[in-house]
Amino acid sequence: MSVLPFPSFLDDIKEKGFKRALYEGINEVVERATAGMNLQDIREALRGEAASRKPNPRLQPHADGFWLHMRPSYFHKSVTGVYPEFRLGWLSTYFVFFETITGIFLMVFYTPSPTYAYANMLTIMSNVPLGQFMRDLHRLGAEAMVLIVTLHMIRTFFTGSYKKPRQFTWFTGVILLFLTMFLSFSGYLLPWDQLALWAVTIGASMIEAAPPEVVGTNLNLLLRGGPDIGANGLLRFYLLHVLAVPALLFIFVGVHYYKVVVHGHSLPPKEENIGEDTAKRVPLDKRVYFIPDILTSEIMWIAVTTLILVILSTWFFHAPLENHADPQITPLGTTAPWYFLWVQGALKLGDKVLWGIIFPTIYVGFLAVLPYIDTTRSRRWAHRRSIFTIILALIAVTVILSYMGLAEFGVINSADVDVLHHMTMEPAHNHIGLLRPVPFDQLTPGIYTTRQFDASPGEEAEVLAGFNTEIEQSLIAPYRVSDTFTADTTEGFVANYLEVQQHLHIPASGLNFVSLPTDATELMSIMDEFHHELEVEEKELHNGWGGIVITDEQASLKRVDLFIFWNEVEMERGFPVLDANGEPILALGADGNPILRISSQRVYIHEDSQYFNAPGA
Amino acid sequence: MLQRLLIDKMENRIIVGTIAFLGIMVLVGWLAINEGGRMQAFERQYLARSIERGAALFNSNCSSCHATDGLGLAGRAPALNSPYLFGHNFLASIDRELVTLGQELTRTDLSAERAVEITTRVTELQSERASIVQALQPAVTKGYDPETPSRLARLGWGGTLNSFVYTTLVHGRPTSGLYWPTGQGMAAWSQTAGGPLRGDQLEDLTNYILNYDKGDGWTTDDANAVVQYPINPIDSALAGPADDTPRVGTDVAAIETELVNITRDPVNGQALYNGGVYACAGCHSNAAVAPATGQTWTAAQNERLQAPENAGQTPEQYLIMSIINPNHYIVPGYPAGVMPQNFGERMTHQDLGDILAYLESYDSGVGAQASADGG
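First to last, the sequence lines map onto chains R and X. One point on numbering: in my numbering, the residue at position 548 of the first sequence is 548, and numbering is uninterrupted. Position in the second sequence (first residue = 1) + 1000 = my numbering.
I should point out that these hints are in silico values taken from the structure, not numbers from a laboratory. All values reported here derive from a predicted model rather than from experimental measurement. It cannot be assumed that every hint is accurate.
To be verified - Calculated pairs, SDA-like style, for lysine to any residue (alpha carbon to alpha carbon, straight line, at most 20 Å):
no.: 1; chain 1: R; residue 1: K280; chain 2: R; residue 2: I294
no.: 2; chain 1: R; residue 1: K352; chain 2: R; residue 2: T217
no.: 3; chain 1: X; residue 1: K1009; chain 2: R; residue 2: Y289
no.: 4; chain 1: X; residue 1: K1009; chain 2: R; residue 2: A50
Start from the sequences, fold in the hints, and give me the full structure.
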């Protein structure tokens, strides 16, 4: 008789004893949860034994379960190794979940509004336990995902696995690649820092070029939510990033997986006769069952991958966070994310419409329809010379264009801007101005110059004394393109410039250059570098010399003004014009005198700023 | 080789996976343990960099009035690099000791020797105090008062210094043009208030300004180096007209009788209303600070005189009462005790009459014009 008015676990206990009833209860739950494998079956599988009952319970989850119905129940032995698949497809899938999980963590602390987004980043970094770690993982995972998906596509090309009957699998794969890139790209904007704003501004401006004008303008408006990226643009990118694109991605992952189950994994080309596809006809002795071998192998792969990501995020990689986004300040050397550098490089070739829209469209379109163009039957390398030539050329072009997309290529700044930028830049793109990491206590207030390094050791004081006299006496014709100062001497000119233009308080005694403190070794070495860079740029910064004025701004804050003073030379297309002797030609002002120029940059350095020369600083 | 499973034996796969998993757990645990320190370090570093950005913003936006060294410009804007802003009291420790000694002196069981000792010490302290005040004379001539050394206390500011600086940056000083010699007020700097800067930039600026604080390290030289101290819109120290004309006092009925004999001049009233002596406009031109007098006089009459407290008063009685005894009736939504209580001791009948005339003229063309100017 039942204890309760219906059959229950208590009856089982009464009948079989507690231990046995509990075991059977758990066993049943496990069997239901795995859609067919009970504890004994799992134990056998993990021990590497054959299944002890029939029908084979290890096939049940593939037939009855949701998750494994997307996976083949057995693989051909030849596709289970590192080659030909390198597990790239599996890792791509893993990253989808990895990014979803870390992304949800970050979403909890994020508000998609320009007013709050950056402050949210600061909160994540300063007030959320493991917040920085999650952000690092999410960012690192995003970059890794683009890389892995791209490699997966390249692998598929090399083994010819896009050929009949897998054309459509390849097509959905190309869509997935671009969804991945767009996911990564749309995530760029969310921290609302300078890197975010400008990388996305560059990316979005390509869309504006789409012809005809009415289409480009409106697409651009739709994406940005206004002429510039602001509150609306951020909200749109956020929704694309967390909702629209992931939804599309999950759909296409489903299609992609379904096609893999339908067509099977293609064998290495050499194992099949030309034109044959035997993936679905795996001989019994070649079968490797998903449970347990492939499954444990895949779990091991993701465990190791996660460990690598965790190690990288712990010691080697921190997601960058630059200054708050500011539409008024364009940082020098702004680039698109690395996977879009090829488009940025192409844009430098000329017409925005041709290179920014038509060329990438053809590029992507060609990739998408590759299996329908290359319909040759053989998957062996020897038979695919023409398509290999085309694709390898395409890879080469992409690499070259990506290089051209770098800020270093084809963007000519005037030499003074470059030198000053190199000395003082804020941490960005894994670079930092040389001056910033100088230890705070080495920034002794004083007025120093690169001229010191023209002297042989021991004679600095003498040389500087001579130089001080020189700038006090030399009469110049004060002349600069944008501002005119009235001063009779070089010293007066420089001092006036720093005071009026830079609001720097110069002591009444004027500019009096002194030797760098000998114990300030790092300051010394960056001044040496400053001197060296001026020498390298001697053609453009003719007779150039640099100065540095360090002052106490507040008790814990120093102000450092760097300036370069030089004779302007004739320039053509960003390079100095040289005469027959290889010497630059001095530019002359309206009064026939050489034009003197000065350019400066100031930084403030606080003792707790902790700038250091590490990647991701 | 490459065509086999990377690790062929199941046991090894399980071992590698387990080790990797444990490795992840250990690392995450290690990170979690160190999170407190890391977050603190980040905050310190972020504050430092925020101060750096604030310095750059200060240099380009603020230094033309507050000077590059933050010491202020004479007649233009007050110092921020000043012990007064940070409320440093040079006399604090002496005053504390004086109070303690004074209390001890009142004890009945005090021995005679101790009493002498205390008296000596008090004399000593008082001379020390006097010498500090003496040392501060250069600052005193610029408007500093060693007895009320805190800007916030003097303003009755209820919040922190941080919030004082930040809100000042947000809104500016809408009416400071009325009582600063240059006639230029501080503009609102926040984009939310129509200015050029974002909230994070204002925070950077605030951090920079607060970084002027020297804590206990302020010296009298710092106070003397200040070029300009703040000017208060309502300065009780200003006694009104310099001559010894009788003041109105606090008796409303008596004032009314006197006012009958006065020829009132609304134009002079307007000048007084906006001027630095009584500085009414310093507060009453911004409804966020005090009830604005920019609306028409009839409207004010209709609203204020309906209140039960004011029942039976004539409009003029109400106005006089409001000036000489502001706490008699406080307009709902505003705090009591903010407006100076001593206008009765400071105003002459002529001044009061002129100001009343100006206020009552709000319904006429003159008043409308004046109100437009005031706004």
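Quick rundown of the hints versus the structure:
no. : hint                : result
1   : R:K280 with R:I294  : 17 Å, holds
2   : R:K352 with R:T217  : 14 Å, holds
3   : X:K1009 with R:Y289 : 14 Å, holds
4   : X:K1009 with R:A50  : 15 Å, holds
The structure fails none of the hints (numbered hints given earlier).
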